[in-house]
Amino acid sequence: MSKLLSTEFRRLFKSSLYKWCMLLSGVLSAVLIILRWRDVCESSAAYANLPAEYSKADDMLFMGSLFMLFVIAIFTGMFAGTEYSDGTIRNKLIVGHKRSSIYISKLVVCSTANIILHAISVIVAWGLGSLLLGVDMQYGELLTRTCMLFFIIISMTALMLLFAMLIQSKSIGSVACLSFMIIMILAAGYVQNRLDTPEYYGGYIYVDEETNEYIEEGQQKNPSYLSGKKREVYEIVFDVLPTGQMLQVCYRSPKNSIMLYDVIILIGAASAGIVLFKKKNLK
Amino acid sequence: MEYCLETEGLCKYYRDFKALDGLSMHVPKGAIYGFIGKNGAGKTTLIRLICGLQEPTHGSYSLYGKKHTDTGIFAMRRRMGGVVETPSIYMDMTAEENLIQQYRILGVPSMDGIKELLALVGLADTGKKKAKHFSLGMKQRLGIAVALCGSPDFLVLDEPVNGLDPQGIVEMRELILKLNREKQITVLISSHILDELSKLATHYGFIDRGRLVREISASDLEAECRKCKRVTVTDTKLLCSVMDERNIEYSIISDTEADIYGQISVTELVTALAEKNCEVLSITERGDSLEKYYINLVGGGDNE
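Chains as they are written, first to last, in this note's numbering: chain S, 1 to 283; chain B, 1001 to 1304.
Extracted from the complex, chain S is given alone in its bound form (with noise of 0.2 Å):
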């Protein structure tokens, strides 16, 4: 296992795919900040209408890790499918390497590639903020969320190697990869929208044309509002959902249980990779 892994990290580290990634997390994450302070500095008077945490980085430093999701689908998908592609999976199997070893060394090596990708937007992301607009946010909670970050990011691998290692085509198992993973996003946007669906509809006043009268109608019920059983589900698919995870370690405070899912998921997807793997007629 270790002559594969020392493998695969010089591979990773030598790949000019990996260095753009690597470029592209560290970019982007200093574009959304700066666009960020720029509108703070055009719109002054109007940050200062709104409470402090609005013109500060806070809810600013995972949110490039959300744009780098469709980077670690395709990332995962091509790395992974450049074994096939270019037949070097065979040179593992020939002189005696065990499928599991194979599997579960490129999931060691593209989860910490994908974890060195989050790291990079983080810590661009929190240096930049610091220095633009200012970070409330504790270490403990900063330090909280991003270990939070990298067990998603652990259970999202295993998940698109899983797509990788059995779709013998590096393009078909990228775009898998990628369908997925947007899917993932969808769910997890529909998921939240559901959630967020208030319960009731705020008061309104409105004038009579007829009577000339203010007329006053209070809070009513939301139909689309989940309750009950039905919210419940909601809310475990929310959490259990790795792009749900996502979202909460962005925007919300994110429930200490998300790690034990991304554990089971991980055993989950890796097991099933594996032994789907093993199965699997290699050409």
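Mixed in with the good hints, there may be bad ones.
Chain S is nowhere near these chain B residues, computed Cβ spacing over 10 Å in every case [what the hints assert, rightly or not]:
(1) S1060
(2) E1171
(3) D1208
(4) S1219
(5) I1264
DSS-like, lysine-lysine: derived pairs with alpha carbons at most 30 Å apart [to be verified]:
(6) B/K1067 / S/K280
(7) S/K283 / B/K1130
(8) B/K1067 / B/K1018
(9) S/K279 / B/K1018
Honestly, the hints are just simulated from the structure, not real lab data.
Beta carbons are placed, not taken as given, at the ideal position from N, Cα and C, and that holds for glycine.
Chain B: place on chain S using the hints.
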């Protein structure tokens, strides 16, 4: 005889299609084993199985006496190198980087042999050129260099001359012969270019529709395909005395027919027999090429 590879009733099914159907073969140590069969006969499937890329549906194979189901097979594979279908090389790396990568896969601590290996396959001066810019022949040779990392005892080459130009084919042949003679590497080569294989192989295995039709050594095959003159005479006893006087190898087929293997001019033969009152009724050239032998074996018409 010691074998590098033995297969016993090996079967591989893809749904209802039988790619291998009870194939049994034996690759002796030190041999260059030519594995011959038409496209779709099962050559690559067998190579995929023995390289561990796929699992057999039924049957078994052994590498250096270790069955494929034994845990020890992984250690035996360490003695193997192979190029299956296309060369397995990282296209965005140089030749040297590809070999370093394979050395790491094998866990070879020193990178000392890399320059020699590149020189052996004629890629010593490729410098920083990436493999994606190599010619097909160079890629093939780099693929073989990768397979040779870790000094394997058994090299498996699947159609190594496919797509090569005549110069590339000659170079590939010389390389394989060199590896076999100088490094005593056993080589299994699959091909359907029979003429090329006949210049290399010490043993042959003929595969058709997933079954091994015949396994034969090159010397036995040569004897079976040996060129001779089939002579019909009035008395073969007189022919025998003429052949014995000249110390020429022959074999008697019947009272009137014999095969002459040695070199003798027709004029000399007819004159010598005429002096002994033996009449020559006919002389015909006989002998098969590997190609004819193969066609006869697998039934050419049926397989066209």
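Hint consistency between S/K283 and B/K1130 [alpha-carbon to alpha-carbon, up to 30 Å]: Given that 30 Å is the threshold and the Cα spacing comes to 24 Å, the pair holds.
For the pair supplied as a hint, B/K1067 and B/K1018, is the alpha-carbon distance within the 30 Å limit? 22 Å, holds
In terms of Cβ atoms, is chain S entirely out of 10 Å range of B/E1171? Consistent with the label, B/E1171 stays out of reach of chain S, its closest Cβ about 22 Å off (over 10 Å).
Under the criterion that the straight-line Cα-Cα distance not exceed 30 Å, is the pair S/K279, B/K1018 satisfied? Roughly 18 Å separates the two Cα atoms, so the pair holds.
Confirm or reject: B/S1060 is not an interface residue toward chain S, with every Cβ-Cβ distance exceeding 10 Å. 17 Å, holds
Would the non-interface assignment of B/D1208 survive a Cβ cutoff of 10 Å against chain S? The claim holds: B/D1208 sits with its nearest Cβ about 22 Å from chain S, beyond 10 Å.
Does the no-contact call for B/S1219 survive, Cβ to all of chain S over 10 Å? Fine: 31 Å to the nearest Cβ keeps B/S1219 off the interface.
B/I1264 non-interfacial with respect to chain S [C-beta, more than 10 Å]: B/I1264 is indeed farther than 10 Å from all Cβ atoms of chain S, at 52 Å.
Does S/K280 sit within 30 Å of B/K1067, going by the straight-line distance between their CA atoms? This hinted pair holds, its Cα atoms lying about 20 Å apart.
Going through the hint list in order, the structure satisfies each hint without exception.
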